[in-house]
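**Q** Sequence:
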Amino acid sequence: MKPTRNIAILGSTGSIGRQTLDIVAEYPHLFHAWLLVARNSAELLIEQARQFRPHAVVIANEAHYPAVKEALEPLGIEVMTGSKAIADAVTAPEIDTVVTAMVGYSGLEPTIKAIASGKKIALANKETLVVAGDLITRLVAQSQSALYPVDSEHGAFYQCLVGERHDAISKLILTASGGPFRTWPKEKLAEATVNDALNHPNWNMGNKITIDSATMMNKGFEMIEAKWLYDVAPHDIEIVVHPQSIVHSMVEFVDGSVKAQLGLPDMHLPIRYALGIPERLPSACRKMTVDDYCQLTFERPDYEKFPLLTTAYHAADAGGNTPCVMNAANEVAVAQFLQGNIKFNDIYNIIEKTIAWAPHIEQPTYDDYVASNDEARRYASTLI
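Residue numbers (the working numbering): 149 to 532.
Because the hints were derived from the structure by calculation, they are not lab data.
Ranges of calculated distance between the beta carbons of each label pair, as one might list FRET restraints:
hint, residue 1, residue 2, range
1, Ala466, Phe446, 27 to 33 Å
2, Arg428, Gln292, 20 to 26 Å
3, Gln443, Gln292, 41 to 47 Å
4, Gln487, Leu192, 17 to 23 Å
Quantities reported herein were computed from a predicted structural model and do not represent experimental measurements.
Note that beta-carbon positions come from the ideal geometry of N, C-alpha and C, so glycine has one too.
Sequences are here, hints too, so could you generate the full structure?
**A** Structure follows, in structure tokens:
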């Protein structure tokens, strides 16, 4: 029997975190949830800890610490709180793999700490590479760590590139569902409600990522993430809309051939693959039938209707701290939209104005990223 791999799940109460725990439960002889981390969902964190019996948990919001401590300490589970505790906890020598499923900028510092500790990183937090891709890739190259993508699209690229030479890549073809507004006329988007934007046709995701899918900012983030993961120039990454979400992405090679990775729109599949690398773990999950892939369609994205795609390419070209500023403004704008304080189209306006305002730093340090994030958030908040 293979030894159990101890896993830290950052964001265990979110969509990716919950599905990662499904995989842990599916393979109890392979994986143990050694550390669970949540921001605010104290009751669900307690429930998860009672089921999976981790060595430790971290509740980031200190207001929930007393309740979590009271519930779990009698079970022998160590309880910690605060963002510093998250960054410190991932360095525990017992941990083999860190699943970074925290949403947004908050995943950056613990990911850096995990890399420095030589952990295997199952990366579900795309903002880490969007914000600081240059820094993260340099740190990985200097460490014993390795990054494995959890996103279905980047997992598809990874699988298509196994055994291939980097200089054989012609372009990456990044597929997008098109989100809930793919068939809406551009003029109607001004009146899109929160419920409209959260009504994703294919995927069950957290609210923030679902809004990013509705604006297609999520696909812009994934383009930047792919640039860093696979060392491919932004304009050699083509985005295509594929409404069925069966082809998760494709790679075109210099000889004109194309490889594609297909699968049902179920995040358990890429999570299972990322945790199992270099092996494929057998599963009883439903397999595809001809009914699932008998009709696959592709179309070009509407860059006028979804201008944040162009914004993302411009940010990737600008480099430096510009993607960090873009991400910070997006997090502020999406949060305000979800609270009903701004309209859907205001998300784009806030991001564009913040990028135009922010001072550009060509080669940012970690401290520069922190400062750029904080300053961009403050400025974006004044635009609400």
